[in-house]
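Novice: Residue numbers (the numbering used here), protein chains in the order written: chain A, 170 to 339; chain B, 651 to 933.
Just so you know, these hints were derived from the structure itself, not from any lab. Take the hints with a grain of salt, since some may be wrong.
Taking CB as the label site, the calculated pair distances span [claimed, not checked]:
#1 A/P222 to B/S840: 17 to 27 Å
#2 B/S756 to A/Y215: 21 to 31 Å
#3 A/Q218 to B/R834: 30 to 40 Å
#4 B/S700 to A/P222: 18 to 28 Å
#5 A/Q218 to B/T856: 26 to 36 Å
#6 A/Q218 to B/E779: 56 to 66 Å
#7 B/T856 to A/T258: 52 to 62 Å
#8 A/Y215 to B/S840: 43 to 53 Å
#9 A/L293 to B/L769: 54 to 64 Å
#10 B/L829 to A/L293: 46 to 56 Å
#11 B/E726 to A/R321: 52 to 62 Å
#12 A/I208 to B/T842: 25 to 35 Å
#13 B/P793 to A/L293: 33 to 43 Å
#14 A/E292 to B/E827: 51 to 61 Å
From a predicted model like this one, the values you see are computed outputs, not experimental measurements. All C-beta atoms in this analysis are idealised placements derived from N, C-alpha and C, irrespective of residue type, glycine included.
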Amino acid sequence: MKLVGAAAILLGSLLAALTQLNAEKTREETRRALRRSLILLRNELYERQTILPEAFPGLAGASGCEAAQGFYVFLSEEMRQLGERSFSTIWRDCAGKKLAMLDEEDTEAIASLGTTLGGSELELQCAALEKCADTLERKSAQCAAERAEKRRMTLGVTLSLGAFVIILLI
Amino acid sequence: MDPFAAALALLPQKYVPALEPYARYHPEELRLRVGQAPALSYGFSEHPVSAPKLEEEDLVRVLQKATGASLYSAAESMRKGYFSTGTLRLGVCGRASVQEHGTGYSRYSSISVRLARELPDVCKEAACELYGDGFVNTLILSPPGGGKTTALRDLIRILADGGTRVGVIDERGELDEKLYDLGRCSDVISGTDKLSGALLLLRSMTPQVIAADEISAPQDIAAIREIYGCGTGIVATAHACGPEDLKRRESYRELLRCGVFRKALIIRAVRGKRRYEVKELTG
Chain A
170 MKLVGAAAIL LGSLLAALTQ LNAEKTREET RRALRRSLIL LRNELYERQT ILPEAFPGLA
230 GASGCEAAQG FYVFLSEEMR QLGERSFSTI WRDCAGKKLA MLDEEDTEAI ASLGTTLGGS
290 ELELQCAALE KCADTLERKS AQCAAERAEK RRMTLGVTLS LGAFVIILLI
Chain B
651 MDPFAAALAL LPQKYVPALE PYARYHPEEL RLRVGQAPAL SYGFSEHPVS APKLEEEDLV
711 RVLQKATGAS LYSAAESMRK GYFSTGTLRL GVCGRASVQE HGTGYSRYSS ISVRLARELP
771 DVCKEAACEL YGDGFVNTLI LSPPGGGKTT ALRDLIRILA DGGTRVGVID ERGELDEKLY
831 DLGRCSDVIS GTDKLSGALL LLRSMTPQVI AADEISAPQD IAAIREIYGC GTGIVATAHA
891 CGPEDLKRRE SYRELLRCGV FRKALIIRAV RGKRRYEVKE LTG
């Protein structure tokens, strides 16, 4: 019985570790998808001056990631409230609701784009989109460097904890 | 969509109930000014409505609504002080910075929403008087907001339905054949300045008459000079109370001296109604 309990605890710890790693993987996928979409949006604005309501459905389709797709789809729906609410408020609310899996720094970088997007100066908006895409890319690179170490540490801690519990029970 | 309904759709909901009852007056303009309630123009005067006072944020939201939160798409037009969306033309006022490529705005203080209307046959009698003996180059005159563009649309339709091939230069989006009946023989070129539009029409569409709205800038006068003498008639509009007003401006004096335009259709406000008067133009 003690062995079964110890095995259950060990398994639980492993699962928790894997869940955390999976969450990090989802965050990274979302970050990459958002970065791609911001570059696409920047090109749409610069090359064709596409208006935002026409750009969002295309970005949803091209994102290749559930969370990013969900963000742009929700944004398209919420744009119906434009006029009653300002665009920056709509954008920020959508980012807060649909990109909650990202960490605070990434969410704020995306959310603050809403104060620049939609203005009259195209170059300013393109620069803001490029800057946000760079921020996400830097974060991805930072996380990639930390990931291997984190994985080793997480698994190590989990296995040590499990072994400790087994010893205690036995 | 009806222009008045389209204008109300731009506003935050809190202003709409106070404005809706005024639809029966067929307003021609909605005026939004920071610190004041919205006002409507009809019967040649402005009427404020009983509604909350506007804030700058309201004006920003109107512009965002009108452009789909994409002011950059209208930036080129806005640098000239206005932009068009379908049946509405929005004029913008505020803290402007005049640059080489045009005017930009850092603050907004007022917006004028012109409601374009189609008034079929409003120029029917005038057209008989103008073209009874054959087409002559025509200038439609009135002060700003006097109904020149509405009259131009009707003249284009009358000429085109009568079999005259009319080439229309729609520089400002107010002569859109998808929104207005411009007759069966009209061809519209849009998204280009008057000079380029005129040359394109002359080369490709063999127009018998070219129609253009608001001849004011030097490049517009250059376009008229280009068309004149090509064997193509011209009908255009200009801001002026009458021929005497035109003669005060050098560019128009030259056109009158050369006899480019032979007749004027003058639109005046008389006791709250528009009156259309045809006059001969002399140098």
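Novice: Evaluate each hint against the coordinates.
Specialist: Evaluated hints:
Roughly 22 Å separates the CB atoms of A/P222 and B/S840, a value that falls within the hinted 17 to 27 Å. Between B/S756 and A/Y215 the beta carbon distance is about 22 Å. The supplied range of 21 to 31 Å therefore holds. A beta carbon spacing of about 34 Å between A/Q218 and B/R834 agrees with the range 30 to 40 Å that was offered as a hint. In this structure the supplied range 18 to 28 Å is violated for B/S700 paired with A/P222, their Cβ-Cβ distance being about 33 Å.
Distance hint for A/Q218 and B/T856: a CB-CB separation of about 33 Å, consistent with the stated range 26 to 36 Å. One distance hint, 56 to 66 Å for the beta-carbon pair A/Q218 and B/E779, is violated here, with the actual separation near 45 Å. Taken as a hint, the range 52 to 62 Å holds for the pair B/T856 and A/T258, whose Cβ atoms sit roughly 53 Å apart. For the hinted restraint 43 to 53 Å between A/Y215 and B/S840, the CB-CB distance of approximately 23 Å leaves it violated.
In this structure, A/L293 and B/L769 break the distance hint of 54 to 64 Å, their C-beta atoms being roughly 42 Å apart. At roughly 33 Å, the beta-carbon separation of B/L829 and A/L293 lies outside the given 46 to 56 Å, and the hint is violated. At about 57 Å, the beta-carbon gap between B/E726 and A/R321 stays in the expected band of 52 to 62 Å. Distance hint check: the CB atoms of A/I208 and B/T842 are about 32 Å apart, consistent with the given range 25 to 35 Å.
About 38 Å separates the C-beta atoms of B/P793 and A/L293, a value consistent with the hinted range of 33 to 43 Å. The hint said 51 to 61 Å for the Cβ distance between A/E292 and B/E827, and at roughly 34 Å that hint is violated.
When held up to the earlier numbered hints, the structure conflicts with 4, 6, 8, 9, 10 and 14 and fits the remainder.
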